[in-house]
Every structure is written in C-alpha cells, then in structure tokens.
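Engineer: Going down the list, the protein sequences come from chains A and B. All the letters of the first sequence, read from the start, carry residue numbers 0 to 416 under numbering that gives the first Met the number 0. All the letters of the second sequence, read from the start, carry residue numbers 0 to 391 under numbering that gives the first Met the number 0.
No lab work stands behind these hints: they were computed from the structure. Please note that a few of the clues may not be correct.
[Unchecked claim] Taking CB as the label site, the calculated pair distances span: (1) A:Ala102 x B:Gly63: 47 to 53 Å; (2) B:Val208 x A:Ser292: 54 to 60 Å; (3) A:Ile126 x B:Gly93: 42 to 48 Å.
The C-beta atom is built at its ideal place from N, Cα and C for all residues, glycine as well.
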Amino acid sequence: MYRRAPSMSTRVFVTGMGAVSPVGTGREAYWSALVEGRSGTNVVEGFDTSTVGRSICAQVKGFRPEDHLRADELRRAGRCSQLALAAARMAVRDAGVDLTDGARVAVVLGTTMGEAEVAERVDTARIRGGLGAIEPRDVLRYAPYLLSHFVARAVGARGMALTLPAACAAGNYAIGFASDLIRSGRADVVITGAAEMLQAVEYAGFARLGALAPERCQPFDLNRKGLVLGEGSGVLVLESEAHAERRGATPLAEVGGYGLACDAYHITRPQPGGDGNARAMREAISRSGLDPSEVDFVNAHGTGTAANDSVESKVIAEVLGARRPPVSSVKSVIGHCMGASSALEAVSCVETLLTGIIPPTMNYETPDPECDLNLVANAAREARVDVVLNNALAFGGYDAVLCIARPGRLPAFGARS
Amino acid sequence: MKPVAITGVGVVSSLGVGWSAFVEALGSPAPAEFSRAPATVPRSPHPALRVAEVAGFDAARYVGDKGLRNNDRLTRLSIVAARLCLEHAAIKAGGAFTSYDGDGVGVVASTAYGSTEAVAENNRIAKTEDPRYLNPARFPNTVINSAFGYVSIWEELRALNVTVTNGPTGPLDAMSCAGVYLDAGRARAIVAGGAEASSELLWESLLRVGALACEGDERHPPNAGITLGEGAALFALESPADAAARGARVLGELVGYGSQFDHDAAAPHLVAPSSTALARAIREALDDAGVAPGEVDLVVSGLCGQPALDEAERAAIAAALPAAAVCAPKARLGETFGASGALALACALGWFEGAAVRDGVSGEIPPRIDTVVITALGFYGNASALVVRRAK
C-alpha cells in the first residue's frame, strides 16, 4: 500500500442511474428481474453460431433505440453507442440534474470492444468486395471511443470525454476514474458507466477459449460450466457533495475508494493465488477508511467459469475473514455483459443499498468446497447493507474493486477543504 | 496537475527505435522517408500507398523471441517500448528491477483503434473459413487492452494497468490519468504513453474516407490528407521527490493538462473537430501549470495534413497562444493516432536534449526550448493539451 493523497476527501454521490440489460430497460425493469432472479439467458439472434458449439447468450432483445435517441443519433451511432446513449439519458433524467452549463461536466465510459459490429462490417465489406465496398460512414463510426463522445454531445458535457477499454472491469475503471476527476477538482458532475454489444467474432472467440457455458450460468456451483455472454449498458451520474447539495439532490449512494491491480500473469487466465484480486479488494476497503469487517455485501465477479469462481472465493474468504458477508453474482441472471458488467452491477449494488435486498445467485444446486461462501442462492435476501464491494476481474489480468456505500457512511471522505 | 517527473523514454518509431537513434534522427535535416511498400499493408497496390512505418521492426532483437509467437504488431511495438523505457529509466537493468518492485510499477497507455490487424485476421478466418477455426491463442489480440496487458506480463508490472482510448488526444489523456493515479499513490512509477500499429484494414479504411494524402492521385491535391504512421512511445513517470530520492535523471516534467469537449449541434457530419474546445483546453492546461502564454517557447501541434482538422487546430493555437512558434512532428512521423501525443512528447524531450527543431511550421523557433505545449485535436469534439517543462 502506497501513499494516499490527502486532497482526495471530497464525497462523491451517485444521484441518478440508467440501465439497458438483457432482463429489461430502465432501473425498475432491471432491478425487479434481478430480485426475482428472472433469467435473461436466450438464444443468439443476428449471427450464425451453428459451428462453434454454443448458441446461448444474454442478448438485449426488445430494446427500441428510437425510444431514447434522436434521429441523427439513430442514423450515426453504432449499437454500442446506442446502448450507452439510452442509459445515459435515463441516468440524467433520473438525477434530475440541469447540465445546461456543461463546463464542469465530464464523461468517462468503459467498454471492452466498443463498436465491434461496425469494425466487423468494414472488414467484411473489404473481404467480399474490396476497398470500394467499404461504407465510408462505417469507417467514421468505428472508433471504440465514440460512445463517450456521443454521450458528451447528448448531455452537453464540455469537460473531459474519455473511454477506458478495461475489458470486463471497464465499468469499475470508469466509475473509479470519474470519482477521481471529481475529487481532484476537475469536474463537478461526471456521467460514467460502461456499454457493450454482443458480436459474432467475439462470441466465437469466447467459445474457442472454452469459456462459454452450454445451457446456463451457474456461479460458484460445483458443476459450473462457463459464462453466458451478455450485453447492455449501465450509466451513473456522479456529483460532488457540494454540487448535489447546491441543487438539493438526494444522493442514492456514495462512491467509495477503489482498488486497481494487475495480475501480470496470463492474458485470459486469473493468477491462481488471486494476489491481484486481493490487493484490489484491500485497497478499495482501506481507501474508503474501512476495516474489512465493515463490508456488508460483496457483488462478486462470479462469472461461472471454473477458474474465476474458485480463485475469487478464496480471495473473498482471505480478505474478509470470519464475518463472511453475503456474496452474490447477478451474472447468473444477466450473463456476463463484458465491459458493461461492472457498471450494470454497480447499478444493482446501489439498488441493494437503497432497498436492503440482495439479489440472488440463480442456478445454484451443488456446493463446491472450493467456493465456500455465504452465497445468496436462488432467492433474494433482505439485510441491512451499508457498504458494498463490487468485484470486477478482467481479461489482461485487470483487477478492479469498487466500494459503494450508504451516503455519508465512509470515514475516508467528508473532510471539507 | 501536480508536477510529474519523466525519468525514462522508450520509443519505437519510423524515425528510429531507441532513444539515441530517435534523438539523432529528430535533429537530422534529412527529409522524411515513408515506406512505399510497407510490410503492414502487403496487399494494397495503390499509387497513394505510403506509411510512416517502423521499417524492418523485429521485436526479438530487443526482447528475445521466446513468447512472441502469438503477439500481434501492436503488442510487439508496446512491449519493446516498455522494455526500452524501463531500462532507460534505470528502473530495470538486465530484466531485473533495480528501483521499486513489480507491485509498485503500473501501466497507463493509449491506443485509438487497438489491434486492427488482429480484428481483420480473426474476422477473415470467421468469414472465409469458419469461426470454429479461430485460434484461441490469437483471438485475445482483438481485445483493446490486450497489448498493454501483455506489457504488464512481460515486465511483471503488477500495480494498475489502464488502457485509454480517445483518438489523437488519448496519449495526452493517458499521461494526465497517470498523474492522477500517481498522486493518489496507486503506483510509485507508471509506464505511460501510447501505441498504434499500421495495418491493411486501417490504411484501406482511411483511404476509403479520403483521409489519406494521395500524391499521384489526380482526384486529390497533393498533401491534402494524412500519412498513416505507427509507433509506440512510453515514458517512466514518477513524482519529482521519488525521482530525486533514487537519483534518477529527469528528462522533463509534465506540469499542466487540459481537456475539453464541444459540439456544434448544427455540424453536418459526425466528424466535427472543435477549435473552441482546443483553445479552452490549451488555456486550461496553462492555468493548471501556472504558465503564462508568453512563457511558451514552442507548440508541438498535432497538425496532420488533413485540411479541416488543421484549420481548426491552427485557429485554436492562434487564439490561445498567438505569439508562440508552432511545429508539426507528424510531417515526419505520420498520423499515429493513439501514439501521436506520446511521440510528440518524445520530440519535446529530444529538443530539451539539444536536437534541432526541424518541423517548424510558423513563428521563430527560439534557440533554447524550455517550455512546450503539446496539442491534440480529436475528430468528434474532444481536445487536449499538455504543458511540459525542461527539468530544473
């Protein structure tokens, strides 16, 4: 553990949220499906999976971008940006914040691949018809950072607009850096979160890596067979305490400290000892001014793959010790929405803080001695929850753990400067 | 931003690989030599074909060939730059840490497009053969943070690893992010900068939208467009106090940063660079650094040859820094997108070292360069600026 800057004590509040998920669009639809454990697993539509041995996913179906986007956005934006735009508009509306003067407003979003479908279309046109077959407007919209720029345009942000492609930890990376921007005084409001779309080559690649479950996602179960790829977007409005107070906003939650580490072990496999994950968890706790015994709930990364769930279980037990707080993985319901996953899960963590309901890990049947957790299995549980850890462990050996808490709960923040 | 010390450079560019080769070429009066038959665009015979390529690049010369087999070009450029950077900073010697340890060193770097080579390679297999033939050892190269993830693996850097993507402003944004992370104590040293690799997919895409300079093509006036470049520039960043404590040589200091966004709702195209955003970003960066416009010796611009972009960038510089001399290193390095601002910083450090400024485009270049502003204009409304000062 290294130095912690004393200037970073501003409280950062979540004041609005939006979600587009495989189980529904909008905060309420998303949260009620999570609480009920209503599965978002479905069969891939839009591309052929017949030769890769897998066909299930958690696609966002029934999403009508025209309900959320302007005509010019519909025409110009790829699907990933469309998902981000829809969730961002919902979040800003939910926050009720006036962003007319966007000078102190920033956008920080995460993704794994950005406009993967656009890139595929450009390259496929080239393969089939040569240079002249490339659709120029597709070239202009295939940049993986465009989602942040579409959102900045839509909300009128005039500060930094940044994209952090941190694979399946991208949501936590973005929310964490967004809180840094506010604490370092560079912004008062940050629109943050992540978006991801499911795409053909990506799906086949995950299948070839042996990561995809044949039928369903069973986090922490002895017989778990892999993850279910999903898609979607989760966006949060973060504000400094002073900005929220000035406009009389009611904070939904407080963004705490976060921890980042890198396994530096293997590009796709977690380090077997989970050292990076443990460092990131401990850092999120200590940077929030907390003791490990004060963590009330862990939203696990819990992908349902053999390697992730056993390593993560070991780390949770090691870091949080004897109190054994409840643990759950909503990926059993929404699948693994890649870059968007930890942003969508941050939304559900805030809902847990607001309602005292922990959403269940579905499809749990057979305990695995290597995953000895206080798991919220198959049915939601009510509990007093003031402090949540949101785990995200990603491709590239990325470990990102974010603490989210009831407003005012965290000792590390609040000293007025 | 709190000042950040730059204590090492790793540069892989069309002007040379390694710091001394780069500085020598930077100061040389020889004109740019672009590759007319680039290895990265092997199947596109076209009169306009030219790339500011890292000619004859062989990563094995720098890092050995073990473990390179499944790495794409972006990863290879990045791991070589990181190796050169850590050795140059004397954080490592002979592959072993001599200052700090793996838990104390992180990576924060930018790429605009990730590995377009890998995207095309995997897509070609999926479309012309069958998705079941995708190679699971090479599919990961398609993921945007893959190259810098490999940097951490190769160099055993276990503090944070952050990839930034934001087009041409990405490298400046990454260095600002690194400053925030250093200030928060998330690492003792951060390898920061950017990398971009040329590929057939990228080159053909840019040609198709009319972005490339097309000498020999009667449809376009000469030089009205960019030359695709590639490269990687990574810097060892640490606090000035830490650098002093370990007796590191400081090559320069990052002292101010600004980043702004603007969008004209009436803009007819998706691509809409913003002159006002860049002017504000420059002023924000100067204010952040506590540097007056008159103290700026040189603007290291992102002028790239594309008329609309250059017009917007020139207007912003004229508004925010009317008296400063301006240079355009992309004239020789090409447009390297996610590496561009990092290569611009390498140029600035080279001029601090005494290399002659060869890429001036306006104003009188002062005999001694102490303070520079690096500018970067995004395509969709974003803009960033970074203030760099010679070490005291």
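Engineer: A separate judgement is required for each hint: does it hold in the structure or not?
Structural biologist: How the hints compare with the structure:
With their beta carbons about 50 Å apart, alanine 102 of chain A and glycine 63 of chain B fall inside the hinted range of 47 to 53 Å. Between valine 208 of chain B and serine 292 of chain A the beta carbon distance is about 57 Å. The supplied range of 54 to 60 Å therefore holds. At about 45 Å, the beta-carbon gap between isoleucine 126 of chain A and glycine 93 of chain B stays in the expected band of 42 to 48 Å.
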